[in-house]
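Chemist: Sequence:
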Amino acid sequence: QMVRHYDFYSEFETPKEYRIVANERVIGTLQKDRIPPVNDHFLFAGRRWQIQSIDHERGEVLVRESGGRKLPAFPPGTIEIAPEIRHKMREMLRQQSIPGYIDSTSAQLLVEARTEAAVSGVLERDHIKLSDGHLLWFPWTGSRILWTIDRVLDRAGIDASADWFGLSLEFSESRAAIADRLAGILARPPSAESLAEDVPVLQRRKWDQYVSPELLKLSYAADLLDVPGALDCLTRLQAELVGDNL
Numbered sequence: 511q512m513v514r515h516y517d518f519y520s521e522f523e524t525p526k527e528y529r530i531v532a533n534e535r536v537i538g539t540l541q542k543d544r545i546p547p548v549n550d551h552f553l554f555a556g557r558r559w560q561i562q563s564i565d566h567e568r569g570e571v572l573v574r575e576s577g578g579r580k581l582p583a584f585p586p587g588t589i590e591i592a593p594e595i596r597h598k599m600r601e602m603l604r605q606q607s608i609p610g611y612i613d614s615t616s617a618q619l620l621v622e623a624r625t626e627a628a629v630s631g632v633l634e635r636d637h638i639k640l641s642d643g644h645l646l647w648f649p650w651t652g653s654r655i656l657w658t659i660d661r662v663l664d665r666a667g668i669d670a671s672a673d674w675f676g677l678s679l680e681f682s683e684s685r686a687a688i689a690d691r692l693a694g695i696l697a698r699p700p701s702a703e704s705l706a707e708d709v710p711v712l713q714r715r716k717w718d719q720y721v722s723p724e725l726l727k728l729s730y731a732a733d734l735l736d737v738p739g740a741l742d743c744l745t746r747l748q749a750e751l752v753g754d755n756l
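Residues are numbered in the working numbering as their position in the sequence shown, beginning at 1, plus a constant of 510.
Keep in mind the hints are simulated off the structure, nothing from the lab.
Just so you know, these numbers come straight off a predicted model, no measurement behind them.
Possibly wrong hints are sitting among the right ones.
Unchecked claim - Once the Cα atoms are required to be at most 20 Å apart in a straight line, the calculated DMTMM-like pairs of lysine to aspartate or glutamate come out as:
#  : residue 1 : residue 2
1  : K598      : D565
2  : K727      : D636
3  : K639      : D669
4  : K727      : D708
5  : K598      : E622
6  : K526      : E567
7  : K639      : E626
8  : K598      : E707
9  : K526      : E594
10 : K639      : E590
11 : K727      : D754
12 : K598      : E626
13 : K639      : E683
14 : K639      : D690
15 : K639      : D754
16 : K598      : E634
17 : K526      : E575
18 : K727      : E703
19 : K639      : E680
Claimed, not checked - Pairwise CB distance ranges (calculated):
#  : residue 1 : residue 2 : range
20 : V752      : S722      : 36 to 44 Å
21 : S630      : E724      : 41 to 49 Å
22 : A623      : G643      : 25 to 33 Å
23 : D733      : L603      : 39 to 47 Å
24 : L725      : S563      : 22 to 30 Å
25 : T625      : D565      : 21 to 29 Å
26 : Q606      : E567      : 29 to 37 Å
27 : A749      : M599      : 20 to 28 Å
28 : N533      : V629      : 23 to 31 Å
We put the CB at the ideal spot given by N, CA and C, even for glycine.
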């Protein structure tokens, strides 16, 4: 009966939406492939919310309003940006010329961005010390690697908040502490499959509900995670931090 239905052979499925429930009241819906993990944060209707639980049987996400600083991790339902785009962004910040294809407003914003980048020192190193207990890191890499970094750090219990644009992560620990904890990760790096075990929603494509959980984990790990790329970025950061502490 299923294979005879006209919808069976269509390439794409209509994304399943989960109800967002706060204080026993439905405040909206969220596509299943955009649901952050439990305890992560996301923005909705101009407010910041924290995921408390996910009920896949009922299709509900229980949330509570949060006043914290932590922004959401990057869900795999968003547009993927290649590492080369981030590399080009950094290259543009290092240059002095103004591209002829941008308007005057964009040109002014580019000049301001270049000035800020030069003053902050982010063009010479990948991290900026905000205070003794806060550090801002720019990996200058693509979405897939950044998603993986976020999962690696979360599994290691490292408090790192990704910014909304996917450019940086803010750490709430000292540079020495971060360097030590990164050394532990690099000494015993996780596999992509083990990171996929922490993903709350593995079903991303049509008919995935009929695929075994183990196969879904392998699919997620292969399609959406880049552990070698993430470890390369973390290795560079750890080397920078160790050099600062010498």
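Chemist: Does each hint hold? Answer for all of them.
Modeler: We went through each hint and held it up to the structure:
Distance hint between K598 and D565 is unfulfilled; the C-alpha atoms sit about 41 Å from each other, more than 20 Å. With a C-alpha separation of about 32 Å, the suggested pair K727 and D636 falls outside the 20 Å cut-off, and the hint is violated. For the suggested pair K639 and D669, the alpha carbons sit about 15 Å apart, so the restraint of at most 20 Å is met. At most 20 Å may separate the alpha-carbon atoms for a hinted pair to count; K727 and D708 meet this at roughly 10 Å.
For a cut-off of 20 Å, the pair hint linking K598 to E622 stands: about 17 Å separates their Cα positions. Our distance criterion of 20 Å between C-alpha atoms is met by K526 and E567, whose separation comes to about 12 Å. This hinted pair checks out: K639 and E626 have alpha carbons roughly 15 Å apart, not beyond 20 Å. Under the criterion of a C-alpha separation no larger than 20 Å, the hint pairing K598 with E707 is inconsistent with the structure, at around 33 Å.
A distance of roughly 32 Å separates the Cα atoms of K526 and E594; the hinted pair therefore is violated under the 20 Å criterion. For a cut-off of 20 Å, the pair hint linking K639 to E590 is broken: about 28 Å separates their Cα positions. Proposed proximity of K727 and D754 is contradicted: the alpha carbons are some 38 Å apart, above 20 Å. With a C-alpha separation of about 17 Å, the suggested pair K598 and E626 falls inside the 20 Å cut-off, and the hint holds.
At most 20 Å may separate the alpha-carbon atoms for a hinted pair to count; K639 and E683 meet this at roughly 11 Å. At roughly 17 Å between alpha-carbon atoms, K639 and D690 fall within 20 Å of each other, so this suggested pair holds. For the hint pairing K639 with D754, the CA-to-CA distance comes to about 11 Å; that is within 20 Å, so the pair holds. With a CA separation close to 16 Å, the supplied pair K598 and E634 stays within the 20 Å bound.
Annotation: proposed proximity of K526 to E575 is violated, straight-line Cα distance about 24 Å (limit 20 Å). Distance check on the hinted pair: K727 and E703 sit about 6 Å apart at the alpha-carbon level, within 20 Å; holds. For the hint pairing K639 with E680, the CA-to-CA distance comes to about 10 Å; that is within 20 Å, so the pair holds. With their beta carbons about 43 Å apart, V752 and S722 fall inside the hinted range of 36 to 44 Å.
At roughly 45 Å, the beta carbons of S630 and E724 sit within the given window of 41 to 49 Å. Against the hinted window of 25 to 33 Å, the Cβ-Cβ separation of A623 and G643 comes to about 27 Å, which satisfies the hint. Checked against the hint of 39 to 47 Å, the C-beta distance between D733 and L603 comes to roughly 31 Å, which is inconsistent with it. The hint said 22 to 30 Å for the Cβ distance between L725 and S563, and at roughly 25 Å that hint holds.
The hinted range of 21 to 29 Å is not satisfied by T625 and D565, whose Cβ atoms lie roughly 49 Å apart. About 58 Å separates the C-beta atoms of Q606 and E567, a value inconsistent with the hinted range of 29 to 37 Å. Remark: the range hint 20 to 28 Å for A749 to M599 is upheld by a beta-carbon distance near 22 Å. Hint check: N533 to V629, Cβ distance near 44 Å, so the stated range 23 to 31 Å is violated.
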